[in-house]
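Novice: First to last, the protein sequences are chains A and B.
Counted from 1, the first sequence has number 114 at position 115 by my numbering; the numbering is strictly sequential.
Just so we're on the same page, my numbering is the position in the second sequence counted from 1, plus 698.
Bear in mind the hints are in silico, worked out from the structure with no lab data behind them.
A portion of the hints provided could be inaccurate.
[Unchecked claim] Quick list of in silico lysine-lysine cross-link-like pairs, DSSO-like style, CA-CA up to 30 Å:
1) B:Lys753 x A:Lys133
2) A:Lys133 x A:Lys152
3) B:Lys780 x A:Lys91
4) B:Lys763 x A:Lys179
5) A:Lys203 x B:Lys753
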Amino acid sequence: MKSFVRYTKTTLLFLLVLTVCIAVSGAFSDVESAQKRKKSSKIDPTNPCSVIYLDTKGNLAGVGDPNKPASLSYKKGRGWHPQALSANGLPKDRYGLIDWARLVRENLIKPRHALKAGVDEMPPLQMDVLIVAKGDFVDDVIYPHEMHTYWLKCEVCHPGIFIPAAGQNNMTMIGIVEGKWCGRCHNKVAFPLTDCSRCHVSPKKTSKK
Amino acid sequence: MIKRILIGTCMLLIVPVIALSAVDSIKIESHGTSRNKAGVGPVIFPHKLHKKSFKCAACHPKIFKAKLGGNSITMRQNMNKKFCGSPGCHNSPKAFPLFHCNKCHMKGK
Chain A
0 MKSFVRYTKT TLLFLLVLTV CIAVSGAFSD VESAQKRKKS SKIDPTNPCS
50 VIYLDTKGNL AGVGDPNKPA SLSYKKGRGW HPQALSANGL PKDRYGLIDW
100 ARLVRENLIK PRHALKAGVD EMPPLQMDVL IVAKGDFVDD VIYPHEMHTY
150 WLKCEVCHPG IFIPAAGQNN MTMIGIVEGK WCGRCHNKVA FPLTDCSRCH
200 VSPKKTSKK
Chain B
699 MIKRILIGTC MLLIVPVIAL SAVDSIKIES HGTSRNKAGV GPVIFPHKLH
749 KKSFKCAACH PKIFKAKLGG NSITMRQNMN KKFCGSPGCH NSPKAFPLFH
799 CNKCHMKGK
């Protein structure tokens with residue numbers, strides 16, 4: 000019985016020491032990594048890794064902060080190009096990309112519909128198409144013709160990319176990622192496929208969890 | 699005698715932890731009919747690869763129950779910031795996004 004008590008005591012002590020050690024080392028490594036992070040925000044021109052931040056003469060291209068623009072005018076104290084890059088004021092989606100659709104909806108920009116004057120503009124087509132997702136566990140897609148016909152003619156997509164009949168385009172996400180169907184534009188010039196729930200918006204009626 | 703019991707209990711505690719951490723990859727074959735309709739294969743999850751970058755507690759048991767077949771993972775939940783799509787994972791700029799179907803859904807395996 001005595002030996003049992005001794006064993007438990009030693010094991011308990013050992014465990015206590017172990018936990019203290021782990022806690023202390025963890026705290027130290029946290030401090031170290033925080034210091035490293037602080038250091039890495041400044042660019043060292045002599046470091047071969049920072050060559051992408053240098054100009055052709057080997058000087059810092061910007062102000063030494065990778066998050067700031069690397070332009071001469073910015074270095075001299077001027078801001079971003081005011082007209083071209085009022086991009087800071089443009090609405091962004093939750094991935095930080097410019098939300099062009101919101102720009103159109105909120106009338107923030109008004110591009111001319113044709114170069115020549117006197118060309119009749121076709122109004123956008125008010126037609127939403129429900130595209131049923133193949134898997135049981137993915138929400139269906141509601142495709143808005145309106146936003147797409149704001150800038151594009153019918154012939155851009157029909158019949159080359161999409162057969163203009165509901166359910167006739169056997170679309171798959173794998174195909175779209177490879178650049179077919181929606182992937183002809185999305186993931187390239189239009190917003191990327193990253194945000195699934197931007198298109199997959201309509202929950203299935205017999206929706207499973 | 700008591701020494702043996704102590705060693706035995708220690709082994710009982712340690713062995714499952716070692717065994718679980720030694721898992722290389724996990725094949726997830728659930729929701730077969732839905733997957734067939736969508737045209738994607740079962741998921742092969744590279745546990746070893748994730749173990750290199752993360753501690754066990756980063757995922758277990760908060761995001762994934764540490765039990766084979768214990769998590770009913772669906773793409774909807776991944777899209778809604780659960781399981782693989784948890785914050786800081788495959789629904790964020792830190793890891794490849796969810797639309798690369800074939801990176802997880804291996805075809806013909």
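Novice: So, against the hints stated earlier in the document, which numbers end up violated here?
Specialist: 1, 4, 5
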